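Number of protein chains: 4
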Amino acid sequence: MKLHVGSDITVRAATDCPIVAMLRPASGLAQWLSSETYAFDPWVPSTEYVDGYGNLCQRLTVPAGDMRLRVEATVETEAELAVAPDAPYTPVAKLPDSALQYLLPSRYCPSDTLESRAWEIVGNAAPGYGQVEAIRAWIQARIQYRHGSSDASTDAADTLDRRSGVCRDFAHVGMSLCRALVIPARMVVGYLHRLEPMDLHAWFEAFVGGRWYTFDATQTRPRGGRVVLAYGRDAADVAFISNYAPLETVAMHVWVEEAPPAAAMPPAPPRPTT
Amino acid sequence: MKLHVGSDITVRAATDCPIVAMLRPASGLAQWLSSETYAFDPWVPSTEYVDGYGNLCQRLTVPAGDMRLRVEATVETEAELAVAPDAPYTPVAKLPDSALQYLLPSRYCPSDTLESRAWEIVGNAAPGYGQVEAIRAWIQARIQYRHGSSDASTDAADTLDRRSGVCRDFAHVGMSLCRALVIPARMVVGYLHRLEPMDLHAWFEAFVGGRWYTFDATQTRPRGGRVVLAYGRDAADVAFISNYAPLETVAMHVWVEEAPPAAAMPPAPPRPTT
Amino acid sequence: MKLHVGSDITVRAATDCPIVAMLRPASGLAQWLSSETYAFDPWVPSTEYVDGYGNLCQRLTVPAGDMRLRVEATVETEAELAVAPDAPYTPVAKLPDSALQYLLPSRYCPSDTLESRAWEIVGNAAPGYGQVEAIRAWIQARIQYRHGSSDASTDAADTLDRRSGVCRDFAHVGMSLCRALVIPARMVVGYLHRLEPMDLHAWFEAFVGGRWYTFDATQTRPRGGRVVLAYGRDAADVAFISNYAPLETVAMHVWVEEAPPAAAMPPAPPRPTT
Amino acid sequence: MKLHVGSDITVRAATDCPIVAMLRPASGLAQWLSSETYAFDPWVPSTEYVDGYGNLCQRLTVPAGDMRLRVEATVETEAELAVAPDAPYTPVAKLPDSALQYLLPSRYCPSDTLESRAWEIVGNAAPGYGQVEAIRAWIQARIQYRHGSSDASTDAADTLDRRSGVCRDFAHVGMSLCRALVIPARMVVGYLHRLEPMDLHAWFEAFVGGRWYTFDATQTRPRGGRVVLAYGRDAADVAFISNYAPLETVAMHVWVEEAPPAAAMPPAPPRPTT
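Protein chains in written order, with our numbering: chain A, 217 to 490; chain B, 217 to 490; chain C, 217 to 490; chain D, 217 to 490.
In short, the hints are calculated from the structure, not lab data. All clues given are correct.
Computed far set for chain B versus chain D, every beta-carbon distance over 10 Å:
1. 292
2. 294
3. 357
4. 464
The calculated lysine-lysine pairs, modelled on BS3-like cross-linking and capped at a C-alpha distance of 30 Å, are:
5. B:218 with C:310
6. A:310 with D:310
7. B:218 with A:218
8. D:310 with A:218
9. A:310 with D:218
10. C:310 with B:310
11. D:218 with C:218
12. B:310 with C:218
It should be emphasised that the depicted structure is a prediction, and the values quoted were computed from it without experimental measurement. Even glycine gets a Cβ: it sits at the ideal position worked out from N, Cα and C.
With the sequences and hints as input, model every part of the structure.
What follows is the structure in structure tokens.
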């Protein structure tokens with residue numbers, strides 16, 4: 217399906233504030249970017265680099281005062297999520313090298329402390345996809361989605377104690393429990409069609425049955441219509457804005473709309489005579 | 217300066233033809249992509265990857281029949297080229313690791329056979345920028361720009377014999393002579409503002425004085441207003457379309473226009489109450 | 217100086233245990249590997265890959281029972297550490313892209329929670345090297361080195377509370393405080409000449425004055441004679457063995473000795489007649 | 217099988233000569249490095265980096281006079297080559313991204329000019345492995361191995377004309393004909409057990425049936441016992457020494473011997489009491 221997605225963010229800095237933003241979706245295996253715009257007001261010079269996870273990162277300095285960033289994109293993505301209840305556990309020896317880093321604990325995923333908890337939760341679920349789905353369903357049933365119940369320092373162990381959080385906390389718990397079972401799990405941030413209320417979103421992927429599958433503990437059923445902005449080990453890696461001086465978000469508007477299936481291509485220019 | 221650039225290309229395949237396209241400019245140190253669209257008609261699935269030089273590469277299969285690819289972008293780039301007549305030769309021991317590959321001969325740059333020729337041409341020019349500029353000026357003076365005088369198999373030695381070629385041949389000669397003097401040189405393809413006649417263009421960069429400088433032997437003076445599509449060792453690496461079955465280009469239209477300096481940002485959405 | 221370093225490790229697995237080891241030093245900018253051996257007993261097939269930080273990682277499966285890994289290397293490294301009390305703070309906007317990831321919090325470095333603590337500790341120290349040295353000296357003075365006072369789940373906040381730890385904890389505290397001041401800091405594991413008692417060691421590097429400098433809070437003065445095994449964001453990234461099933465270390469012997477300066481090269485073979 | 221391999225090379229420079237050497241084998245999927253030494257006489261500082269193909273590259277400056285480089289390694293490698301006469305052609309759309317670069321022409325492989333020649337040679341051979349083997353057998357039958365019949369500027373088209381060459385020329389012809397048939401082919405340099413006369417060797421790999429297979433047109437039957445030093449598009453990428461000032465090889469001795477299968481591990485150190 218084709219989605220129009222966008223974010224219009226106004227930030228306020230008291231003094232020059234260097235930031236790294238991850239607001240430009242990339243084409244790749246999972247999605248195709250057919251159009252985008254990326255604008256600032258006021259204009260400042262910006263550079264872009266690719267981080268160790270393959271994400272596009274924009275570097276710029278927000279000058280003192282208000283600054284608007286507006287990013288829009290039209291992206292072709294899957295309407296339906298791949299679901300594979302029978303996908304077996306992938307033994308460590310069969311994992312691709314690139315998946316190994318997603319077994320390690322990270323800032324918000326202290327998986328090294330959650331092994332017995334994870335085994336309790338998955339019970340007799342089938343090793344692999346079945347276990348990840350058991351984790352996802354457990355989170356959805358047992359942890360309350362509550363805006364404001366967590367902050368930028370809340371990790372998965374905190375959320376398991378408090379039994380409440382937002383999408384990033386749900387993902388952190390899911391990833392931590394997967395890694396505790398030696399299943400690679402990575403965080404994804406991006407857009408989800410028909411998310412209520414609309415906002416930038418976070419979910420996770422787990423590597424079972426020889427590939428990455430998407431899981432989202434905030435949703436009652438598998439839902440496609442996702443546009444990826446960044447992958448990482450947890451929220452520390454994939455903040456949509458990492459700021460290195462005080463910075464306030466004074467407004468943020470996010471949208472996702474279905475785009476007409478046919479490409480709106482202008483008429484072809486006249487054929488050259490050459 | 218801000219440029220609107222675009223290409224509208226119609227190709228024709230007799231049977232399914234897999235291609236790799238390099239038509240999406242990337243943001244980086246040299247330019248900032250503020251907007252782009254990338255469309256095909258008919259629509260086919262496509263994936264994108266980053267090659268060993270950091271270029272964005274689009275993989276797709278052109279079905280039998282005609283297909284249009286239309287790519288447009290708005291890019292912030294330098295209006296003036298950096299020029300540094302005094303930039304000295306950078307000794308090999310001081311080159312960054314990433315520049316070393318650009319010393320090697322390549323398909324269209326048999327620099328291993330051109331050492332004495334290169335020394336003849338640069339004469340007493342100052343080692344470094346002075347030598348590269350001497351090479352550039354020599355090519356411009358001695359090689360005739362003539363459309364149709366070369367083909368996809370023409371290398372720099374052929375062009376030195378024939379004394380005619382097009383932009384890619386000029387770049388191949390420039391790079392071959394630089395490498396013969398142990399100066400790293402790489403090919404660049406992209407857009408040039410006010411190129412006459414307008415088309416996709418090719419030029420080269422040489423590493424002297426501790427950084428890359430741009431040289432264009434098709435032009436009488438240093439000109440900025442360039443948008444890069446790809447970097448490589450020569451034309452083999454940076455074809456705007458590499459096709460792996462017969463493919464005919466039946467139409468191609470390229471444009472570069474100056475864009476208004478102010479970002480055309482729509483009004484901000486109403487501030488959320490949260 | 218030239219060092220002979222080595223580790224002889226015996227591990228015991230109850231069942232097949234997949235591991236990732238980081239025991240092979242790499243040549244690079246900081247050290248030159250002139251000789252090494254890497255042996256297992258029993259022999260099992262192993263593969264090697266390069267992780268996202270550039271470390272060499274060995275993948276193998278330890279079969280049930282005891283297994284010895286023995287790694288030895290002769291490495292040319294700096295006898296004296298670079299020390300630069302006047303190296304200034306490097307503003308974020310001037311950092312190389314590759315250093316930015318070392319500003320982020322990580323599993324054992326919750327720098328997001330330690331900003332006021334860090335400012336207290338550095339007081340009026342000169343921004344840059346001066347601050348990092350103030351942090352290093354504070355750790356050395358205020359945190360007790362005590363074997364067994366921490367475990368694999370201890371993070372820098374725990375160590376700041378308990379006021380005791382081992383080398384990895386000292387490094388975690390140092391890095392966390394640096395990152396809280398927006399100074400990139402990365403963990404290093406490897407060998408240190410004349411460490412007492414001899415063991416594999418951990419320290420950290422901070423990016424100030426435009427480059428990485430080494431800091432070691434376990435030592436009373438700057439000491440060279442270091443051989444690097446791996447770099448990472450914290451101990452999660454650079455475990456010398458990451459095991460994915462139960463694994464016991466039943467013996468471990470580590471050595472570092474100064475090697476004779478002259479290469480012990482055997483006589484040259486007779487000149488061929490060709 | 218386990219092989220001891222080594223090279224002892226003496227080079228002579230009239231003035232300081234910067235070089236890039238590719239003499240250190242790396243562990244990877246195809247081989248495991250259990251021991252190595254890398255020595256120079258006289259000693260000079262050297263650094264190492266990983267190039268775009270994953271090869272280890274040593275940078276150093278040979279001072280005026282004679283210099284010996286001696287590299288030895290013990291490597292576990294396959295005794296038998298994988299042979300798969302039925303492996304089918306892999307369509308371009310199914311190739312991994314990383315294989316695409318090996319379809320392009322390169323300095324010594326002007327595959328763009330050899331398409332009709334390639335089809336003539338393969339005749340009715342089965343698409344895929346069968347075609348590559350037909351190419352390999354044709355080269356072995358029709359091109360004479362003759363030392364001194366080619367030089368550093370000889371490309372595959374030259375060799376097809378002259379009908380003689382050495383191992384690198386055989387590989388260049390093999391790769392050029394494969395690429396002309398849209399089969400990815402890459403050059404390999406390294407050691408071959410029982411090569412007669414013993415020397416550093418070159419061969420090629422082709423991507424068919426979903427993986428890389430080894431082909432060696434200098435040999436009458438598929439032979440294992442290979443140790444890889446470097447991969448690349450052709451000899452320009454994988455010179456064992458690339459020199460950037462005049463450099464003469466005054467002696468070169470290469471050896472490959474079968475090593476005893478059992479690891480010669482010294483007795484374990486006494487168990488520590490901790």
